[in-house]
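Chains as they are written, first to last, in numbering that gives the first Met the number 0: chain R, 0 to 405; chain V, 0 to 286.
Treat the hints as calculated values from the structure; they're not laboratory data. From a predicted model like this one, the values you see are computed outputs, not experimental measurements. Incorrect hints may have been included.
[Stated by the list, open to error] Derived DSS-like pairs: lysine-lysine, alpha-carbon spacing no greater than 30 Å straight-line: (1) V:127 with R:249; (2) R:369 with R:115; (3) R:336 with R:94; (4) V:277 with R:381; (5) R:374 with R:64; (6) R:368 with V:127; (7) R:160 with R:318; (8) R:193 with R:381; (9) R:62 with R:368; (10) R:397 with R:115; (11) V:127 with R:218; (12) R:381 with R:290; (13) R:374 with R:115; (14) V:127 with R:245; (15) R:295 with R:94; (16) V:277 with R:369; (17) R:62 with R:78; (18) R:199 with V:277; (19) R:332 with R:94; (20) R:26 with R:404; (21) R:374 with V:127; (22) R:318 with R:94.
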Amino acid sequence: MRNKISALLLGTAMALSVASIASADDKVVKIGVLSDQSGLYADLAGPGSTLAAQMAIEDSGLKAKGWTIDLISGDHQNKPDIGTTIARQWFDVDKVDTIVDVPNSGVALAVNNVVKEKNGVYINSGAATSDLTNAQCTPNTVHWTYDTYMLAHATGQALVKAGGDTWFFLTADYAFGAALERDTTAVITANGGKVVGGVKHPLNTADFSSFLLQAQASKAKIIGLANAGGDTTNSIKQAAEFGIVKGGQKLAALLLFLTDVKAIGLETAQGLNFTETFYWDLNDNTRAFSKRFSEKLKSGAPPTMVQAGVYAGLLHYFKALDALGGNPHDGAKVVAKMKTMPTDDPLFGKGEVEANGRVTHDAYLFEVKKPSESKGPWDFYKLVGTVPGNQAFTPLDKSACALLKK
Amino acid sequence: MQALYAQLLVGLINGSFYALLSLGLAVIFGMLNIINFAHGALYMMGAFVAYFLLNLGGINYWWALIIAPVVVGVFGMILERTMLQWLAGLDHLYGLLLTFGIALIVQGVFQNYFGSSGLPYSIPDQLKGGVNLGFMFLPIYRGWVVIFSLVVCLATWFLIEKTQLGAYLRAATENPTLVRAFGINVPRMITLTYGLGVGLAALAGVLSAPINQVRPLMGADLIIVVFAVVVIGGMGSIMGSIITGFALGVIEGLTKYFYPEASNTVVFVLMVVVLLVKPTGLTGRAA
Numbered sequence: 000m001r002n003k004i005s006a007l008l009l010g011t012a013m014a015l016s017v018a019s020i021a022s023a024d025d026k027v028v029k030i031g032v033l034s035d036q037s038g039l040y041a042d043l044a045g046p047g048s049t050l051a052a053q054m055a056i057e058d059s060g061l062k063a064k065g066w067t068i069d070l071i072s073g074d075h076q077n078k079p080d081i082g083t084t085i086a087r088q089w090f091d092v093d094k095v096d097t098i099v100d101v102p103n104s105g106v107a108l109a110v111n112n113v114v115k116e117k118n119g120v121y122i123n124s125g126a127a128t129s130d131l132t133n134a135q136c137t138p139n140t141v142h143w144t145y146d147t148y149m150l151a152h153a154t155g156q157a158l159v160k161a162g163g164d165t166w167f168f169l170t171a172d173y174a175f176g177a178a179l180e181r182d183t184t185a186v187i188t189a190n191g192g193k194v195v196g197g198v199k200h201p202l203n204t205a206d207f208s209s210f211l212l213q214a215q216a217s218k219a220k221i222i223g224l225a226n227a228g229g230d231t232t233n234s235i236k237q238a239a240e241f242g243i244v245k246g247g248q249k250l251a252a253l254l255l256f257l258t259d260v261k262a263i264g265l266e267t268a269q270g271l272n273f274t275e276t277f278y279w280d281l282n283d284n285t286r287a288f289s290k291r292f293s294e295k296l297k298s299g300a301p302p303t304m305v306q307a308g309v310y311a312g313l314l315h316y317f318k319a320l321d322a323l324g325g326n327p328h329d330g331a332k333v334v335a336k337m338k339t340m341p342t343d344d345p346l347f348g349k350g351e352v353e354a355n356g357r358v359t360h361d362a363y364l365f366e367v368k369k370p371s372e373s374k375g376p377w378d379f380y381k382l383v384g385t386v387p388g389n390q391a392f393t394p395l396d397k398s399a400c401a402l403l404k405k
Numbered sequence: 000m001q002a003l004y005a006q007l008l009v010g011l012i013n014g015s016f017y018a019l020l021s022l023g024l025a026v027i028f029g030m031l032n033i034i035n036f037a038h039g040a041l042y043m044m045g046a047f048v049a050y051f052l053l054n055l056g057g058i059n060y061w062w063a064l065i066i067a068p069v070v071v072g073v074f075g076m077i078l079e080r081t082m083l084q085w086l087a088g089l090d091h092l093y094g095l096l097l098t099f100g101i102a103l104i105v106q107g108v109f110q111n112y113f114g115s116s117g118l119p120y121s122i123p124d125q126l127k128g129g130v131n132l133g134f135m136f137l138p139i140y141r142g143w144v145v146i147f148s149l150v151v152c153l154a155t156w157f158l159i160e161k162t163q164l165g166a167y168l169r170a171a172t173e174n175p176t177l178v179r180a181f182g183i184n185v186p187r188m189i190t191l192t193y194g195l196g197v198g199l200a201a202l203a204g205v206l207s208a209p210i211n212q213v214r215p216l217m218g219a220d221l222i223i224v225v226f227a228v229v230v231i232g233g234m235g236s237i238m239g240s241i242i243t244g245f246a247l248g249v250i251e252g253l254t255k256y257f258y259p260e261a262s263n264t265v266v267f268v269l270m271v272v273v274l275l276v277k278p279t280g281l282t283g284r285a286a
């Protein structure tokens, strides 16, 4: 009996010592890609984001330095409750260190709280809401790729300055649409324009004709599409059908992805102006990455900016871990390290992680090519302007992030 | 007031999709007693067949209107022969589960190959453009959808309620043994009926291809609303499902005008109200 007890104690002691070794800095990392795997955002993020994460792990070179990096992925189905449940399970059971991607602003904001509570790392690339680095910023969050402030300023300002001074909004009725409409409205009024009306439509709407008729009746010069993915493609396609562009009104696709343009077809999409921070055909680096990417992706599509952001964000994260010499399993500590290092990667170029978690890099104004100008299956964009990284995103003195008030 | 006319017309356009789809469901439920959850997936297949015909075979929209329903209808008949027929006489739940499973598999396969954002299918040249009605700009294609689906719906109703064939069909559902005694091949008739219902779904798919994206989930998004339409109209009632299809399209259109945030839920609110007041649906007979 006594032997048994001492054996048990010994065993417990050994288990505890193993556990304490594991919690100290080791070279083990677990990444969770949380995305929309099958819904309306699955093509612009989804499986392509998982692939981008895999490529970041391979390209980081950490494995050769003795690191063990695991990757898992999950489907949040665009539902905040499902997203937070997966995130909690990942932190509590699967010992995930870092959650990446998370398109859909509603889900992204919900997961934001979980990551902070569990002191993980949150590298968001897929969500648009600027609140992630504004009112709802946390010491654990880094927001890559784009946000509603950037979209509103780049596209909105360009259109108002070109004479589009009256606007009507078609807004997706959730966190993202509200944020995009709010940020764009601020830009319009600041530049002397006026918002004459708007409708909020449910997420994932198939038929926009009722809303488009209201937009048409408003006589606004610009119809701002504060929606994304399938909602945007349907709005644009049906606007063409109802003769809206021919009638003299202009569409502003505030958020448009490469996969959306493919779905609309150049015939209908040609001439649209919009902003992205990455395009596969931008330079030699982006072309080289995109070639490797599309060879591995089942659909053969080149990466969208969201998928590129997952890759670039993880590369920077791995650099920070490398600089720390081990994984402290302390999200705030790793993110703090990421903020001290300038970012530099082949896809987004040079930039920095600001104190509020916002990553700054250049943004590009594109125009969709005419069918006659397109030379290949994914040759869609013409570059018409560049907004430098330090001007594209919320200036720190205007950010409501509490981290800045220390 | 002008805006209101426009919304009524737009509602009618959406209603024609609801009517075509709920009609197919009603035919299948009325004759086979199967709650066909695969209907949305078959509607999607109709749109995809039209897309393939155009892009692989260069076969235009007009032929697709005929070919796609036949192709998908045959696929449906194979489903009926190989799987659904074994469920005859069992509880509704089995048919519902089986067809729901089929829908998930079909959608999953399409999603695997075509992603989720959809493929473009343009409006046929003959129906491009629009006419200014004074109160709204009506795209010709949409006008065509309303008229064409109305004709198809009425023809189907006529076939089932007013012809000899329809009489056999209705008799066979009441008492298959007796009808068989008259020398009529009841199983074959049931297979053909399922094929007809499925063909109607595929036809709706072809009609919607130029308006919406050809997407693997296009049916999944629509089918729940269509089920609500069938429930409101009364399960198995042909005329009921046609009328409620159009009516609910209009009601939904008006909601989009007066309170757009509720436009996704208004149909279900109505369904609850109807079920509370008249559980058999507006035109349904008690079972």
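Cross-check of the supplied hints:
1. V:127 with R:249: holds, 20 Å
2. R:369 with R:115: Violated: residue 369 of chain R and residue 115 of chain R sit about 46 Å apart, past 30 Å.
3. R:336 with R:94: Holds, at roughly 21 Å.
4. V:277 with R:381: violated, 59 Å
5. R:374 with R:64: Violated, at about 43 Å.
6. R:368 with V:127: holds, 22 Å
7. R:160 with R:318: Roughly 41 Å between the alpha carbons, so the hint for residue 160 of chain R and residue 318 of chain R is violated.
8. R:193 with R:381: holds, 29 Å
9. R:62 with R:368: Violated. Residue 62 of chain R to residue 368 of chain R sits at ~42 Å, over the 30 Å cutoff.
10. R:397 with R:115: holds, 23 Å
11. V:127 with R:218: Holds - the C-alpha atoms of residue 218 of chain R and residue 127 of chain V are around 23 Å apart, at most 30 Å.
12. R:381 with R:290: This hinted pair holds, its Cα atoms lying about 19 Å apart.
13. R:374 with R:115: The given pair, whose Cα atoms are some 46 Å apart, is violated under the 30 Å limit.
14. V:127 with R:245: Since the Cα atoms of residue 127 of chain V and residue 245 of chain R sit roughly 13 Å apart, the hinted pair holds (cutoff 30 Å).
15. R:295 with R:94: Status holds; Cα separation ~28 Å.
16. V:277 with R:369: Violated, at about 56 Å.
17. R:62 with R:78: It is violated: about 34 Å lies between the C-alpha atoms, which goes past 30 Å.
18. R:199 with V:277: violated, 33 Å
19. R:332 with R:94: holds, 17 Å
20. R:26 with R:404: This hinted pair is violated, its Cα atoms lying about 34 Å apart.
21. R:374 with V:127: Roughly 27 Å between the alpha carbons, so the hint for residue 374 of chain R and residue 127 of chain V holds.
22. R:318 with R:94: holds, 21 Å
Hints 2, 4, 5, 7, 9, 13, 16, 17, 18 and 20 from the list above are not met by this structure, while the remaining hints are.
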